[in-house]
Amino acid sequence: MAHENSSAPATAYVQPEIDVPALTAVLDGEYAGIRDLVRGNLTTYSSILDEADELGIDAYRERVREIVVKMAATGQTGMGFPVEYGGGGDVGASIAAFETLAFGDLSVLVKVGVQFGLFGGAILHLGTRRHHEAHLPGLITGELMGCFAMTETGHGSNVQALGTVATYDSATGEFVITTPDDDARKDYIGNAARHAELAVVFAQLEVDGRSQGVHAFVVPLRTGGRTAPGIRIEDDGRKMGLNGVDNGRIWFDGVRVPREALLDRFADVTPEGCYESAIDDPNRRFFTMLGTLVQGRVSVAGAGTSVAKVALTVATKYAARRRQFGAGQGSEEQVLLDYGLHQRRLLPLIARTYALHAAQDVVRTQLHEVFSGISGISGIEDDARARRRLEARAAGMKALSTWHATRVVQECREACGGAGYLAVNRFAALKGDSDVFTTFEGDNHVLLQLVAKGLLTDHASEFEGLDQLGMVRYVTGLAVETVIERTSAHKLLERVRDLLPGGDDWDREAGLLDPEYQLAMFRFREEHLLAGLARRIKRGIDQERAAGAVFSQVQDHVIALARSHVERLVAEAFVGQVRALPEGGGKAALGLLCDLFALSAIEADRAWFMEHGRLTVQRSKAISREVNDLCRKVRPLAVDLVDAWGIPSAVLRAPDLVG
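If you read the sequence shown in the numbering used here, its first letter stands for residue 3, the second for the next number, and so on.
Each pair of labels, with its calculated beta carbon distance range:
1. K241 x E145: 18 to 28 Å
2. T441 x V71: 23 to 33 Å
3. D55 x G586: 39 to 49 Å
4. G227 x T441: 22 to 32 Å
5. R541 x G239: 42 to 52 Å
6. G35 x G661: 26 to 36 Å
Since the hints were derived computationally from the structure, they do not count as laboratory data. These figures come from a predicted structure and were not determined experimentally. Just so you know, even glycine gets a beta-carbon here, dropped at the ideal spot from N, CA and C.
Make a model of the complete structure from these sequences and hints.
Printed below as a string of structure tokens:
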């Protein structure tokens, strides 16, 4: 961490030197081996970046499938599956591989995510041994292609309200799967339009006339390449991007599957038609099922950060070589990255990307620890509190990382001028292919409501789902009273003193480059927003207004709280990473980035901090001056910092920009 006081003379500053391979090793961490395997595969199949532009859509889809199967043969895509079925037995490694794969063609990435993450993950985590033995060996090699049929046209993020119905017929021992109307058709389903032979279908289970909620079933879609009886499939057609992935719509017309098709880790139906589950509460059962699929959100969060790395690498290298305008008449034109404005545009984004990388390391480790206790066969449950903490963190990281990717790609495209608009220079593909990251695996605004709900309920045992009325019913009871008590007006100043070492006025004098000051600002904002939201909900309920209306009116506060919470976690992760490094140029460089991330984030929300008395006008101006100074210090390190991400040159695909 850089600790130079902002008033220190400039001569006291010593520019750190970066050992790029050593910094890459720090960033790769314990998964350097699998990351290097993926980098090698990306280089081998880098021609896909050109083929994406040159091939027709059908040929492009076939080429993507071919590459996915070839990558599977190297062991890259099967790391998260049990060894006994041909996998690598390492969940953390599977996430690291996916993060690294996002440096390349994103249709390949999403095809891998659908096949091994969604389809394979559902079989692994929702099924039992009979499903594993029947399907895992084939899907791990890519020989058996499948899809994950959850989303419906009319229901989107509201999974509990899915319309597809699976009715048990005790006379034949079969489930009958039906799409009652077009709102219930499965839509945007990756692999469905062309390649999937099997689907994991999420449907409302009805047994003996009673609904038991959403469950998952293995349903054959094709046999020998021909659509199975009772199934209708339609191609979604061209999309804004990711056209190497065959997304489709699926209808089921009385499709019969055997009783064993139910993925029965958490619930089963006896041959006679008796529903059985070890989890009595239907809400808890539903969210326990979905909780096993949290790996997808962690994966997309890491992929979003990788997309940002690619864009920033191209834009930074371009800015370090492209000249524009001269400092004076007759002088040589100036390099773009030497302009203060260009530094302001790119360098805080590099800092935030490093911060998100550190936070991704934390959530990946949490995922690995939670899931390492699950063999996928025995059904062992990890600590429920750790699971809920993981789910909330994964949801928040997915939102912030993918929004960051979208913002970075746009800023970097603009920073590369007209050349950035040419398809050959990668930005067209990055922009079109990554834009939907903010939508799939959960709409970002819906996910942040999940984060806020966890904060309001303090991870209570009554943890419910994303249902807004259910959330309001709970948090307006004991949970809000607890939050109000914990952060009530007369106690808030006491908590501020706890958060700000040295008392309520300490933050007005603390060094801007003191990480304790930076973290205290993030923590104060989160506490204040939490207390304010709880009070607003309680006030609305005390006025006997409808719970749904109350929640709708405070949703802006809900999102602000969730974003502040996740940003605080990101800051803590980055500070922790820097503190753990040995002294040297790498630590000094990351310290500069950590300061730049924290102060630029505070600067971006300076209006809130000033409104709530935590930032004076003078100090606000001092933060802006410090951000400018940090940009000047990071500028000589910029190319080394993006090189340390280890993106293979073959996939940068920007000859006009990178050189």
